[in-house]
Amino acid sequence: MTSLGGYWGKILFVDLSNEETMIATFSEDFARKYLGGVGFAARIIHESVTKNTNPLGPGNVLVFAVGPYQATNLAGTGRCTAGAKSPLTGIWGEANGGGKIGPQLKRAGFDAVAITGRARRPVYLWICDGKAEIRDARDLWGLDTLETTERLIE
Numbered sequence: 002m003t004s005l006g007g008y009w010g011k012i013l014f015v016d017l018s019n020e021e022t023m024i025a026t027f028s029e030d031f032a033r034k035y036l037g038g039v040g041f042a043a044r045i046i047h048e049s050v051t052k053n054t055n056p057l058g059p060g061n062v063l064v065f066a067v068g069p070y071q072a073t074n075l076a077g078t079g080r081c082t083a084g085a086k087s088p089l090t091g092i093w094g095e096a097n098g099g100g101k102i103g104p105q106l107k108r109a110g111f112d113a114v115a116i117t118g119r120a121r122r123p124v125y126l127w128i129c130d131g132k133a134e135i136r137d138a139r140d141l142w143g144l145d146t147l148e149t150t151e152r153l154i155e
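Quick note, the sequence shown lines up with residues 2 to 155 if you use this note's numbering.
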């Protein structure tokens, strides 16, 4: 972690259309103002979409974000927020869930991931040790979840 107290200070931006990733850093002021999780997702969505953005189009952004206590043993902090412009309301919407995605995102070195675009071919996002790659997934196409997981772990 950085001197930002529980934050890596990094947001991963993924453009599936161009198969590009970019890592942006954020300041202590940003962290204090938006606090992670819901706040980070809301800010990224606000900066990324307009009222004319098609919620079901490649211009929308899907954000996964976690807070400063993620990947600690503090009870109730293992949550991850997912947010985007909602096709139902046309404004931002978010969901909050548990499981492994939040702690794994934090352990991989990021506080948020923002995904835009539409891939031209089957791909997956590999994130590890503060790095990210968009990788070819044609060999995974058509496999079920268990088979896909086993192949990715190999």
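Please note that a few of the clues may not be correct.
[Unchecked claim] Straight-line C-alpha distance at most 30 Å; calculated DSS-like pairs for lysine-lysine:
# : residue 1 : residue 2
1 : 132       : 34
2 : 11        : 52
3 : 34        : 52
4 : 11        : 34
5 : 132       : 101
6 : 11        : 132
7 : 101       : 11
8 : 101       : 34
Please keep in mind that the hints were generated in silico from the structure rather than gathered at the bench.
The hints, checked one at a time:
Restraint check: the Cα-Cα separation between residue 132 and residue 34 comes to about 26 Å, which is no more than 30 Å; the hinted pair holds. Straight-line distance between C-alpha atoms of residue 11 and residue 52 comes to about 27 Å, which keeps the hinted pair within the 30 Å bound. The suggested pairing of residue 34 with residue 52 holds, with an alpha-carbon distance near 24 Å, which does not exceed 30 Å. For the hint linking residue 11 to residue 34, the alpha-carbon distance of about 15 Å falls within 30 Å, and the restraint holds.
Taking the CA atoms of residue 132 and residue 101, the gap is near 19 Å; set against the 30 Å cutoff, the hint holds. Taking the CA atoms of residue 11 and residue 132, the gap is about 11 Å. The hint holds against a cut of 30 Å. A threshold of 30 Å between alpha carbons decides the hint, and for residue 101 with residue 11 the separation of about 19 Å falls inside it, so the pair holds. At most 30 Å may separate the alpha-carbon atoms for a hinted pair to count; residue 101 and residue 34 meet this at roughly 26 Å.
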